[in-house]
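Here's the letter readout for the chains.
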Amino acid sequence: MACFWLAGCIDTRIHFRHLPPSEQFVSIQPGVTTRAEVLRRLGPPDEVRQPAPGEAARRLDSRERRIIEAGEIFDNTVWTWATEERSERIVGLLPVLVVLFRVRNSQSLEERWRIEFDESGVVRTIAHVDEIGNE
Amino acid sequence: MKLKLLLCGTLLALPGCLSMSASASFGPRISSEVLVGIIPGETSKAEVVAKLGPPEEYLRQEVAVGLSDDEARISGAIQLGNRAHDVLTWQHDWFRARGRWWLLYLWTHSEVDSDVLMIVFDEQERVREISIRVTGR
Chain G
15 MACFWLAGCI DTRIHFRHLP PSEQFVSIQP GVTTRAEVLR RLGPPDEVRQ
65 PAPGEAARRL DSRERRIIEA GEIFDNTVWT WATEERSERI VGLLPVLVVL
115 FRVRNSQSLE ERWRIEFDES GVVRTIAHVD EIGNE
Chain P
2 MKLKLLLCGT LLALPGCLSM SASASFGPRI SSEVLVGIIP GETSKAEVVA
52 KLGPPEEYLR QEVAVGLSDD EARISGAIQL GNRAHDVLTW QHDWFRARGR
102 WWLLYLWTHS EVDSDVLMIV FDEQERVREI SIRVTGR
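Quick note, the sequences are listed as chains G and P, same order.
Convert by adding 14 to the 1-based position in the first sequence; the result is the number in the working numbering.
Convert by adding 1 to the 1-based position in the second sequence; the result is the number in the working numbering.
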């Protein structure tokens with residue numbers, strides 16, 4: 015009973031937003047839209063973006079400076095745009111002790127748009143994926 | 002010191018709740034207005050850098066990591082001499098956090114928005130492509 019009264023809870027949520035509005039993706043037409051148009055409508059893909067603060071801590075290559083060459087982008091046949099939301103709920107004994115005694119539940123939701131180009135630089139496929147992760 | 006802070010925080014939380022919020026932004030603000038005067042086929046790389054300031058590729062690592070990590074500092078120095086790249090990016094990250102602490106309940110909510118501007122240069126170091134991504138907020 016005492017443990018029940020001492021139980022504390024931590025509820026955290028962090029949302030990394032990098033996506034342009036989804037209407038802009040819907041306007042992309044396979045077989046018609048070119049790389050240049052995609053760049054103009056959607057902006058640069060995630061391949062050229064630095065990890066944001068907090069996000070960088072989860073990436074192994076976050077300490078690498080991003081030196082980008084045009085070939086690295088334009089020769090790549092697939093570009094992606096992504097956004098992520100993570101939440102974590104921890105229940106433990108007293109808020110200050112939850113690090114030591116706890117039950118944890120983590121969830122993540124990643125929304126990703128993937129555009130593939132053919133050899134002539136025209137959109138071949140466009141795909142939207144929602145990935146839900148649980149820990 | 003940490004214990005004092007912890008006790009102080011706990012005492013503050015006892016009568017009711019403690020509410021905090023914070024926001025910070027990193028990097029230059031990015032919008033279509035900053036692109037006025039940058040014309041593909043005409044504007045040079047030097048003019049772009051003079052107008053927009055140093056891009057991400059020139060700035061990263063040198064402050065936080067470079068001070069504490071020899072390896073990063075050395076590789077950064079090598080890359081400084083390797084800046085013939087033809088793509089430059091500018092990024093603005095906007096971080097917001099809110100937190101509430103009731104007696105036995107801590108709630109935090111954070112958001113990080115990233116806006117990116119990418120400019121591609123041709124072999125004559127003139128602007129070839131401009132691409133801007135502003136998060137829908």
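The hints are simulated quantities; they were obtained by calculation from the structure and are not laboratory data.
Note that the structure is a prediction, hence the values are computed from the model and not measured.
The reader is advised that the hints may include incorrect statements.
Not everything, but these chain P residues come out facing chain G in the computed CB check (under 8 angstroms) [to be verified]: (1) THR90; (2) ASP94; (3) TRP108.
We put the beta carbon where it would ideally sit given N, CA and C, even for glycine.
Verification of the hints:
For THR90/P, the suggested interface contact is upheld, since its CB lies about 5 angstroms from the closest CB of chain G, less than 8 angstroms. Annotation: ASP94/P was flagged as interfacial toward chain G, and the flag holds, the nearest CB pair being 5 angstroms apart, inside 8 angstroms. With a least beta-carbon distance of about 5 angstroms to chain G, the hint placing TRP108/P at the interface is held under the 8 angstroms criterion.
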